[in-house]
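**Q** Note that the protein sequences, when read in sequence, are chains A and B. Mapped onto the working numbering, the consecutive letters of the first sequence carry residue numbers 1 to 317. Mapped onto the working numbering, the consecutive letters of the second sequence carry residue numbers 1 to 317.
If you are wondering where the hints come from, they were derived from the structure by calculation, not from laboratory data. Wrong hints could be hidden among the right ones.
Which copy is meant is left open, so a pair is good if it fits within one copy or across any two.
SDA-like mimics (lysine to any residue), calculated; alpha carbons at most 25 Å apart, straight line [said to hold, decoys possible]: (1) Lys-208 - Asn-310; (2) Lys-171 - Ile-84; (3) Lys-208 - Arg-47; (4) Lys-80 - Gly-96; (5) Lys-208 - Ala-308; (6) Lys-208 - Asp-307; (7) Lys-171 - Pro-137; (8) Lys-208 - Glu-159; (9) Lys-80 - Ala-236; (10) Lys-208 - Cys-131; (11) Lys-171 - Arg-92; (12) Lys-208 - Ala-291; (13) Lys-171 - Asp-307.
Protein chains: 2
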Amino acid sequence: MTSPQRIAVIGAGAVGSYYGGRLAEAGHDVHFLMRRDYEAVRARGLRVASVDGDFVLTNPTVARASEEMGPVDWVLCALKATSIDEAERLVRPCVGPNTRIIVLMNGLGLEERFADWCGPARIFGGLAFTCINRGDPGEVHHLRYGAITLGHLQDDPRELDAALALWAESKVQINGAPSLLRARWEKLCWNVPFNGLAVAGGGITTDKIVGDPDLRDVARLLMEEVVAAGNADLAAHSEATRIDGEAVISRMFELTDAMGAYRPSTLIDFTEGRPMEVDAMFAEPLRRAQALGVDAPRLTLLTFVMDARNQPLGPRA
Amino acid sequence: MTSPQRIAVIGAGAVGSYYGGRLAEAGHDVHFLMRRDYEAVRARGLRVASVDGDFVLTNPTVARASEEMGPVDWVLCALKATSIDEAERLVRPCVGPNTRIIVLMNGLGLEERFADWCGPARIFGGLAFTCINRGDPGEVHHLRYGAITLGHLQDDPRELDAALALWAESKVQINGAPSLLRARWEKLCWNVPFNGLAVAGGGITTDKIVGDPDLRDVARLLMEEVVAAGNADLAAHSEATRIDGEAVISRMFELTDAMGAYRPSTLIDFTEGRPMEVDAMFAEPLRRAQALGVDAPRLTLLTFVMDARNQPLGPRA
Chain A
1 MTSPQRIAVI GAGAVGSYYG GRLAEAGHDV HFLMRRDYEA VRARGLRVAS VDGDFVLTNP
61 TVARASEEMG PVDWVLCALK ATSIDEAERL VRPCVGPNTR IIVLMNGLGL EERFADWCGP
121 ARIFGGLAFT CINRGDPGEV HHLRYGAITL GHLQDDPREL DAALALWAES KVQINGAPSL
181 LRARWEKLCW NVPFNGLAVA GGGITTDKIV GDPDLRDVAR LLMEEVVAAG NADLAAHSEA
241 TRIDGEAVIS RMFELTDAMG AYRPSTLIDF TEGRPMEVDA MFAEPLRRAQ ALGVDAPRLT
301 LLTFVMDARN QPLGPRA
Chain B
1 MTSPQRIAVI GAGAVGSYYG GRLAEAGHDV HFLMRRDYEA VRARGLRVAS VDGDFVLTNP
61 TVARASEEMG PVDWVLCALK ATSIDEAERL VRPCVGPNTR IIVLMNGLGL EERFADWCGP
121 ARIFGGLAFT CINRGDPGEV HHLRYGAITL GHLQDDPREL DAALALWAES KVQINGAPSL
181 LRARWEKLCW NVPFNGLAVA GGGITTDKIV GDPDLRDVAR LLMEEVVAAG NADLAAHSEA
241 TRIDGEAVIS RMFELTDAMG AYRPSTLIDF TEGRPMEVDA MFAEPLRRAQ ALGVDAPRLT
301 LLTFVMDARN QPLGPRA
């Protein structure tokens, strides 16, 4: 097992709080950067209701500023992708010479943003496949699934082993990804159709998408476009591996069929009037598809619609 | 020239008022069924500001109910397509044994609805290509273009000649369509991309669509899908004629490039919270494409989005 590590969770929303909480539960020294929930967590701790077992951190270490935490062994960055421009400022105070960073965010091209200012060797991507929402301040509801797929930005197997070891004692199921880029595209096979159609449809839950034959078909065709773009992107990066489209698409439907009336994170953002992760989740995959000459008609139109839905002031407002 | 005809305008919004007004100006006996503007027109007449010459009908014949008008030679039905279920009730009191009906509405399959209850021989389609909006009550602003393409539901050339003669003395430019079905699909080449993207984009004017390279491309690809579906539909109806896609698409862009910041009717409906003509303009073309095995990925997604935008209560409402 790994010795206890010093960890900073940057962006302690539902996802960051849950996974950081699981690392604390496993004995690591976890510091949470909190904004909205700071007072509540200081007063009552962090309370997690989880399908994998409830737990409470009665007195977690919370900070209002990254400077209070200082350098750590690991940064778990669980910011929204819409905050990517703030990430460097928020993460940098926690980064020392040997700090590694796990980018636990949705979308494409985010690890590269971190690598731009602190090099690629210390950057990992984490892909959480989970149904998880915030509850009252200081409360997290973990509803279903929960595995994280971890990859290293340079696909270095020894670095990946180090990241896997971090989670070894935790209750989180971790899958190592030999190709981070492939894992990112595979995750988009879920996010693009389900986060997208939920919002494009004006606010529908995942059961409506998989339960309507026409919508299910649109979802599948969107996935096929994502697979085609992803495989072209992998080839352009000289990676030998490819996405097995049929296997991934079947798995995504199987997982989603079991989800019930789930509200993807983007739908919650939309409903609550917050900015949605359109750039990293839709526009960046589309830009890559276009640059690579991959025809992606549904993704093009969906991205346009998501951009429009992301405007806070529609004509009816 | 044709002798003065007795005409009932059913649905005297901007389009019905303008074209009915031009028929009255040409000497016909025109009766307007009015709801919103009844009092204003009774008090101050019908005032039209038009690029083809302003005019005022100082004392037009207006009615609140079709029964007041009784049978006529011609019905000019300019209802919104969203009111198609009311059309029979509103039009029937004006229909005698020799009455002909011009369906001056947007979308596909509407003439067939009239034919269902009074036979196809008397049914014509009118396609107005014009930029026209309502102003204050009793006022119409005719901004640009204005030609009507007329076709007969059974493509009977003698019947078509009778309809053309009706407009001979008017200032309206009339084009005869040897194939009404082809004309309907050609009109959709404008309505689908421009009415659609204006609303899907959250409320953008046509200049934004033609002026953005990506959006212009989406518009073109939508038109290509409409052309493909239209040609399959023409073939399925054993019509010898086909849409010349490149010619129609070029013309649509040329016309739209000159429009400036035009707000398509559907965008105005959307902005004002009224039901949009989604079924006749999007869903019916899509149903035909699907039934004919024509791949229409952008139309599929756009129709889904338009359906969602047509729901009065989104999650932000």
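**Q** Confirm or reject each hint.
**A** Going down the list of hints, with the structure as the test:
1. Lys-208 - Asn-310: For Lys-208 and Asn-310, the Cα distance is within 25 Å both inside one copy (22 Å) and across copies (17 Å).
2. Lys-171 - Ile-84: Classified as neither; 28 Å inside a copy, 59 Å across copies.
3. Lys-208 - Arg-47: neither (31 Å within a copy, 49 Å between copies)
4. Lys-80 - Gly-96: Close inside one copy (23 Å), not across copies (66 Å); limit 25 Å.
5. Lys-208 - Ala-308: both (22 Å within a copy, 13 Å between copies)
6. Lys-208 - Asp-307: both (22 Å within a copy, 14 Å between copies)
7. Lys-171 - Pro-137: The answer is within: 23 Å in one copy meets 25 Å, while 68 Å across copies does not.
8. Lys-208 - Glu-159: Answer is neither; intra-copy 41 Å and inter-copy 48 Å both fail.
9. Lys-80 - Ala-236: The answer is neither: 28 Å in one copy and 51 Å across copies each exceed 25 Å.
10. Lys-208 - Cys-131: Result: close within a single copy only, 16 Å intra versus 38 Å inter.
11. Lys-171 - Arg-92: neither (28 Å within a copy, 72 Å between copies)
12. Lys-208 - Ala-291: Cα proximity of Lys-208 and Ala-291: across copies only (23 Å, versus 33 Å in one copy).
13. Lys-171 - Asp-307: This pair counts as neither: shortest intra-copy Cα distance 37 Å, inter-copy 43 Å.
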